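Just so you know, the protein sequences line up as chains Z and F, in that order.
Heads up: the first sequence at position 77 corresponds to 77 in UniProt numbering, and the numbers run straight through without jumps.
Heads up: the second sequence at position 301 corresponds to 301 in UniProt numbering, and the numbers run straight through without jumps.
Keep in mind that the hints were calculated from the coordinates and are not lab data.
You may find that some hints are simply not true.
Stated by the list, open to error - Here are a few chain F residues that sit away from chain Z, every Cβ distance over 10 Å (derived from the structure):
{"#": "1", "residue": "Leu-428"}
{"#": "2", "residue": "Arg-730"}
{"#": "3", "residue": "Arg-732"}
What the hints assert, rightly or not - Partner residues aside, some chain Z positions facing chain F, computed with beta carbon under 8 Å:
{"#": "4", "residue": "His-230"}
{"#": "5", "residue": "Ala-232"}
{"#": "6", "residue": "Ala-234"}
{"#": "7", "residue": "Val-235"}
{"#": "8", "residue": "Tyr-279"}
{"#": "9", "residue": "Asp-283"}
{"#": "10", "residue": "Ala-294"}
{"#": "11", "residue": "His-319"}
Unchecked claim - Examples of chain F residues toward chain Z, derived with CB under 10 Å:
{"#": "12", "residue": "Pro-411"}
{"#": "13", "residue": "Asp-695"}
{"#": "14", "residue": "Thr-697"}
{"#": "15", "residue": "Glu-698"}
{"#": "16", "residue": "Thr-699"}
{"#": "17", "residue": "Pro-700"}
{"#": "18", "residue": "Arg-701"}
{"#": "19", "residue": "Val-702"}
{"#": "20", "residue": "Tyr-733"}
{"#": "21", "residue": "Ala-734"}
{"#": "22", "residue": "Arg-735"}
{"#": "23", "residue": "Lys-736"}
None of the values given here were measured: they were computed from a predicted structure.
Idealized CB from N, CA, C, for every residue including glycine.
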Amino acid sequence: MTTPTWDEPGGPMPNEDFRAAAQAIMANIEQVIEGKSATVRLALAVLLAEGHLLIEDVPGVGKTKLAKALARSIDCSVRRIQFTPDLLPSDVTGVSVYNQEQRDFEFKPGAVFANLVVGDEINRASPKTQSALLECMEERQVTVDGTTYELQAPFMVIATQNPIEMEGTYPLPEAQRDRFTARIAMGYPDPRAELAMLGGHGAHDPLNDLRAVADAAMVRRLIATARDVHAAEAVQQYAIALVTATREAPEIRLGASPRSTLQLLRTAKAVAALEGRDYVLPDDLQALAVPVLAHRIIPTADAQLNRRTTDAIVSEIVHRLPLPHDRNRSPYDTRSNNAGGNQYEPRGR
Amino acid sequence: MSGRRRLGLVAAGATLLASAPIVSIFDSYTWLMQCLLTVGLIAGAAVGARTLRFPSWAQALSMILVLLLTLTWLFGSGEEFLIPTPSTFGHFADLFTQAGQDTRSYGVPVPDRDGLLFVTVLGIGSVAIVVDLLTVVARRPALAGLPMLAIYSVPVAVYVDSVPVLPFIIGAFGFLWLLVSDNIDRVRRFGRRFTGDGRDVDVWEPSPLAAAGRRLGVVGVVAAVLLPLLVPTINGGLLSRLTQTGSGVGVGTGNGTGGRINLFASLSGQLTRTDVVDLVRLKTDEQTPYYLRFGVADQLTTNGFGSRTPNGESVNQGLPDPRTSTATRNFTEHRAEVQVSDSLQQGMLPVYQNTVGVDGLQSGWNFDDNQQVVFSNRRSTKGLSYTFDYVRARPTAAQLRQAEPLSPDDPIVRLNTAHPDDAAVTDLVNGLVANKRTEYDKVLALYEYFSSKNGFTYRLSTQPVGASSEIAAFLNTKVGYCQQYAAALAWMAREAGIPARVAFGFTRGEREEDGTYKITNRNAHAWTEVYMRGFGWIPFDATPAASVTGAARSDYAPDVDLPTQAPTATESQAAPGAGPSSTDGLERPDRPDLNDSGAVGTIDDGTTGGISGTAVLIIGLAALLLALLLVPMLRRVLLRRHRHAATVPKDPKVTTLSGPSDLVVTSDTVQARADAHAAWDELMDTMVDFRIPIDPTETPRVTAQRLVRDAVLLEEPASAATLLGSAEERARYARKPLQGGELTTALHQVRKGLARSATRRTRITAVLLPPSVLMRWRLGIAEGSARLVGASGRLRDAMVKFSPRRLLPHKSR
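Please put together the full structure from these sequences, using the hints given.
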């Protein structure tokens, strides 16, 4: 008997084209970002899930490089906004200027009118400017002076930010954070990858050599394929259970939104597709729970005092929550015995 | 009402309940009225004293005072008005003396005598005071059981044989009530009762925190009930009952004839005892004594034979001498010394027939002239030693033939020939006594009918005689022991118009070197007595002599089973157990058992069968236990087989539906899903069996990976585990399940791999007592009990609306 792999134990072959395209994009990015294939894959998954990505880490670990590498790998319009304290909302969305020739106001599209928008150091802009992204990120449109302009598809915002509080930064408001599908941390590269980086980056920036391996049309097809991935009812229940658990956890003041449920499942589908599966596994949800949910929730003051990070809280929920079955409850699942409400309700006296 | 005052009332109530056994002593209920009044007044005094916050000694004093006043009121001399005077106390002393006399002169149940009532009220009143003080003041309600026990002991001491059970149960409930009330009061003082989950508990609701105590209690009661049943050495235990089919030691009330003990049941109890107990030691100057005799059953109804309540004058006034009233001349005078052991406790004295005088007895023993028994209502034979003189009549057959029939109006005939109608018995008797002219020949014909030639077989392991139909049935089955023989002969004699009754007593017993006869429970016996005009009651023992230890025969009634002419009352007592016919007894082909082998230690037929029966039973029980232990294993094996059958791959029959989609939904995919689930369940159970933890948060993939990683599955088992994991994963989450996987093989390999890495003990447990099965059962039980608790809780809540407590004004909290 041959050892079956996880993804093709005699099952149907996944879409070859999808696989090839996705592999090409990832390989392209990994020319620049060494030793971070999981992060790269997650970034790509967010793109395929039609979401937005927030890369949060300390300075100098390659946040902007990842954003730019992803943007360059796809042959589509890419705009970059350097968020500065004096950036104005109109710089982001665009502005109507008076055209002397036509004697009319003419709309000058802002930086968001592109397939990929790289927002660098997003928390350096004032909340006023940050708020300019709210409409376009969720509704994929921009409304200026009463006129609504549709954005192109695909549309993805890749923002980076520095988690260490500094002078002159403005933390993202909850609404803004909730619009980012996933928040990922780059993390330091391992010594081997760092060594390779030294060798490669020493001569020149590999980013300059990067050529696009996909275009917008292909990305749309990839997105459509990812959407088609099957999510069994048990998996959907599990996603709901995970999100509900964040709302009910005693350490959390604000739980994850219904939007996050949707994005969690969508991202899970993309991840499953990237792994060559046509069905989502609870494992995907478990792996995505921290990147997708952790940045949306607000811990209670007690949890903050105890230095409990949201990552730790979500991760604990994942480890605590029993897996729902679409069949009869497992006899070993004793934890759900108490779920049906206490028989001994306190009697009013 | 405060807890203490309430407890005082409970103590009074418990005292009254505990006095229930007195019911059996008095004829009427006057005592109860008086006790109710007295105890009620005492309780009222206690409540009053506590309301006024008297100190403890004053509480006691007030109760004693009330008792004194009540006694003065109820039993005053008539001169004083409520306040006792010295003359009152003098009167009380008189009452005491009177009570003492009454106890000597009256048998139970006693009529309402002032002295006895006084003593009763005084006793119960005192007990009420002591119980109250112990419960409320000393807070030691368990100790209050001692004075209550004093009340219990009164009827036990008065009644020699048996006491009705019900009043004792009532008394026991009173004591329990007291204990429970005290405990509730005690817990209440702690404050609010609460459950483990912080909810308040009602007063009468069992606290979940006390569950351990309740469990201990149940286990204790079950052990207390089961252990005596199972331990075979205890007489009358379940085992001995099962193995002997005897009725055990049956000392119960008779067949409605005067509430005396049932002699038949008592006899069968003696005979079926597994152990041999010395009952009587007897020394007589007679060479060949007949049977010792203590009781008579002389009433024959459809309920069978029963005894009339004996009555008569004290033995100390002398006994009638049969020599003056009978025609026989050849009487011999004898004297016998008797030592009764502690094991024989009854109100009837074992003596020989025709006893003319008894020495060495206290007062209280009376002689019934009609039944010719010495009896007492108050005294017991326990440990008694006495001597008695008796005369032995040895009528010959020729003499007896001269006895003429009694006239039908003779009271003896009237009393001793009544019998139920049974056509079969009538026909049988008519056939047997036809052409017999004399009374004696008739009886002899009936007597000889019980010969083994007619197919009669002695067997101890038959039911004791109850209703008359059972006696008639014996004539059909012809299998029985002395009871059946004696009762049947007596009935048949009555049928023939001859007065007859059943006598109870002991056969001769074992003769020791010094001529003492040692009589044990094995010698318990019953025989028939027939009345012959001019001769009195003549014993006939129809039971086969060979089967009865120490049997004896007379000239007029020879052993019918002897092939040769019966010897006269035999002199061969060297082997006493064998009786007169011991010479040929052993070789008799129809001999039903080994009873006549003589040695005292010999066990009778029932017990011989009983030992092998016991062994079989023990082996059976052990096998049953083993089988019970194997049930989990069996269940596991069956489950596994079932699942394996489900996971054996079949030829895939995929029928692609024509249509726009290429989705294949066939029964085969459904089947494949079910197979994968079955295989996965089996893997889970196997993991539990091998003590590998199950984590419900794990996905099948992670579980399989952990299995490979932690349980160190290598190569084939590892890939098998992976296969099982992916099959389950796809069955659960994918559009199309995995098909054609060798799941059964994989399961086998994983099990093998797990067994290899497990310890020996784990392996054995996994096979013999699979934890998966046990855990499933445990969870099932827990779930069931939780549902039960929930349902009862809802029921209780529903009942709350009917609770009268709701009408009471709420206390402020």
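A quick look at each hint next to the structure:
no.: 1; hint: Leu-428; result: holds (70 Å)
no.: 2; hint: Arg-730; result: violated (7 Å)
no.: 3; hint: Arg-732; result: violated (6 Å)
no.: 4; hint: His-230; result: holds (5 Å)
no.: 5; hint: Ala-232; result: holds (4 Å)
no.: 6; hint: Ala-234; result: holds (6 Å)
no.: 7; hint: Val-235; result: holds (6 Å)
no.: 8; hint: Tyr-279; result: holds (4 Å)
no.: 9; hint: Asp-283; result: holds (5 Å)
no.: 10; hint: Ala-294; result: violated (18 Å)
no.: 11; hint: His-319; result: holds (6 Å)
no.: 12; hint: Pro-411; result: violated (76 Å)
no.: 13; hint: Asp-695; result: holds (9 Å)
no.: 14; hint: Thr-697; result: holds (5 Å)
no.: 15; hint: Glu-698; result: holds (7 Å)
no.: 16; hint: Thr-699; result: holds (5 Å)
no.: 17; hint: Pro-700; result: holds (9 Å)
no.: 18; hint: Arg-701; result: holds (6 Å)
no.: 19; hint: Val-702; result: holds (7 Å)
no.: 20; hint: Tyr-733; result: holds (4 Å)
no.: 21; hint: Ala-734; result: holds (4 Å)
no.: 22; hint: Arg-735; result: holds (5 Å)
no.: 23; hint: Lys-736; result: holds (7 Å)
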